[in-house]
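If you read the protein sequences in the order shown, they are chains A and Z.
Counting along the first sequence from 1, when you hit position 194 you're at 194 in my numbering, and nothing is skipped either side.
If you want my numbering, it's the position in the second sequence, counting the first as 1, plus 1000.
These are computed hints drawn from the structure, not numbers from a lab.
A hint or two may mislead.
Unchecked claim - Quick list of simulated restraints, FRET-style, between CB atoms: (1) A:G112 <-> Z:L1148: 44 to 52 angstroms; (2) A:Q139 <-> Z:S1145: 50 to 58 angstroms; (3) A:G173 <-> Z:P1140: 27 to 35 angstroms; (4) A:P142 <-> Z:Q1006: 50 to 58 angstroms; (5) A:G30 <-> Z:N1038: 40 to 48 angstroms; (6) A:E175 <-> Z:A1137: 33 to 41 angstroms; (7) Z:G1015 <-> A:P174: 22 to 30 angstroms; (8) A:Y198 <-> Z:H1128: 15 to 23 angstroms; (9) Z:V1111 <-> A:G30: 40 to 48 angstroms; (10) Z:N1038 <-> A:E185: 24 to 32 angstroms; (11) Z:H1121 <-> A:D115: 40 to 48 angstroms; (12) A:P142 <-> Z:G1113: 50 to 58 angstroms; (13) A:F188 <-> Z:A1036: 24 to 32 angstroms.
As the list claims (entries may be wrong) - Partial list, computed: chain A residues near chain Z (C-beta under 7 angstroms): (14) L56; (15) L80; (16) E191.
Glycine included, C-beta positions come from ideal geometry on N, C-alpha and C.
Letter by letter, the chains look like this.
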Amino acid sequence: MRAREAINLLAQQRGDAVCALGMAANEWWGATRSEDSFYMHGAMGFAASFALGLALSLPQANVWLINADGSLCMNLGCLLTEASEAARNLKHFVLANGVYQTVGALPMVNDGRTDYAAIARAAGFARARTIDSLDELKQQLPAIAAEDGPSFTVLRVEPERSFLRTPPMTYEGPEMKYRFGRALERRFGIEVFGPQGY
Amino acid sequence: MDVTAQIHEQLTKIGVKLAASLPDDWVAPLIEKIAADNQIRHVRVAREAEAIAICSGAFFGGVRAVALMGATGLLTCTGELATLNLRHQIPVFLIVSQRGSIDDHRIYQEVQGRRTIPLLHTYDFPYHVVDRREEIASIPDAFESCRLQKRPFVLFLTRRLVKGEGGTT
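Using the sequences provided together with the hints, build the complete structure.
Encoded structure:
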């Protein structure tokens, strides 16, 4: 399965989910152009924790985290925290290609032998699985989208060399904060920013 | 009312509804006080930078949050504070024990004592030191300042405050 195919399928079936993204951010932007997604290029590994904080503070939102294996390994402890907090509205997807894609597909630690779903199960996730093909993802995704979180789904994708050519979103930094925050304010009737805009 | 209860009272006054923590022994009593409060969602993390990102996510859920840790933990998450919070101007309020002060006679804390505040100056992260009981009432102003300045803000708790003049640890 190719990463872009997997992301396109997730994008088609995310429904009303709010998304937080790690290194798959550019691909997600290409597929969705969505402002109710937080595209996190910095703090590698911690989109998972960001998504958890969002899910806990906004229980009426479905939160999907689109993570990657390199990012997950930067913050494997997030699985313990996620399992412990058991947010029913949080789904964690991991695009696993075994390489650091954005720097030229250099191999990752442990050379593809790591079973991330097994680690998640051992951390306490009741729902953790690995999906190897697009057909399997097509078949399973509706049920994954409908089930309660926390869930953990590894999407095994092929390493590629074209990620760097995917253009990033056309805004960043403070503008991303305000676009994302305002999108959530509109959708959920919450107050992210105060009356003076900060 | 003890110091821990006073700080907790100020957090309640601010409207804090989420706290993420990794304990240092100076802030441990405050963490347990917060954990016992069923009006605050308390998240125990495995690494301090998780607490930073959890509080950042909570900001977008419209929830007031605090991250609690020791000075050593603060040093471990400067990269995340810079590339997530500084870059996007996301406020995050940290309550941190000011380890390595002249009255902290732990050899493994002395580098933190000399380097933590210069590091905050380098990153241009504001901070406020609470050294005495009567200064605890300044916490709501510190929290508001954090939101105004739209960046990480460190509230340091000193040994004198949390351990008292006669403390032995």
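Here's how the hints hold up against the structure:
Under the hint 44 to 52 angstroms, the C-beta atoms of G112 (chain A) and L1148 (chain Z), about 48 angstroms apart, fit the expected range. In this structure the supplied range 50 to 58 angstroms holds for Q139 (chain A) paired with S1145 (chain Z), their Cβ-Cβ distance being about 52 angstroms. Between G173 (chain A) and P1140 (chain Z) the CB atoms are about 28 angstroms apart, so this pair conforms to the stated range of 27 to 35 angstroms. A beta carbon spacing of about 52 angstroms between P142 (chain A) and Q1006 (chain Z) agrees with the range 50 to 58 angstroms that was offered as a hint.
Our hint of 40 to 48 angstroms for G30 (chain A) and N1038 (chain Z) holds, since their Cβ atoms are close to 43 angstroms apart. Checked against the given bound of 33 to 41 angstroms, the beta carbons of E175 (chain A) and A1137 (chain Z), roughly 36 angstroms apart, stay inside it. In this structure the hint that G1015 (chain Z) and P174 (chain A) lie 22 to 30 angstroms apart at CB holds, the actual value being about 24 angstroms. Under the hint 15 to 23 angstroms, the C-beta atoms of Y198 (chain A) and H1128 (chain Z), about 18 angstroms apart, fit the expected range.
The given range of 40 to 48 angstroms is respected by V1111 (chain Z) and G30 (chain A), whose C-beta atoms sit roughly 45 angstroms from each other. Restraint check, N1038 (chain Z) to E185 (chain A): a C-beta distance of roughly 27 angstroms satisfies the suggested window 24 to 32 angstroms. Range check, H1121 (chain Z) to D115 (chain A): Cβ separation about 45 angstroms, and the 40 to 48 angstroms hint holds. Evaluation of the 50 to 58 angstroms hint for P142 (chain A) and G1113 (chain Z) yields a pass: the beta carbon distance comes to about 56 angstroms.
The beta-carbon spacing between F188 (chain A) and A1036 (chain Z), approximately 29 angstroms, falls within the hinted interval of 24 to 32 angstroms. For L56 (chain A), the interface hint holds, the least distance from its beta-carbon to any beta-carbon of chain Z being 6 angstroms, beneath 7 angstroms. A hinted interface residue such as L80 (chain A) counts as satisfied when its beta carbon comes closer than 7 angstroms to some beta carbon of chain Z; here the least separation is about 5 angstroms, so the hint holds. The criterion of a C-beta within 7 angstroms of any C-beta in chain Z is met by E191 (chain A), whose closest approach is roughly 5 angstroms, and the hint holds.
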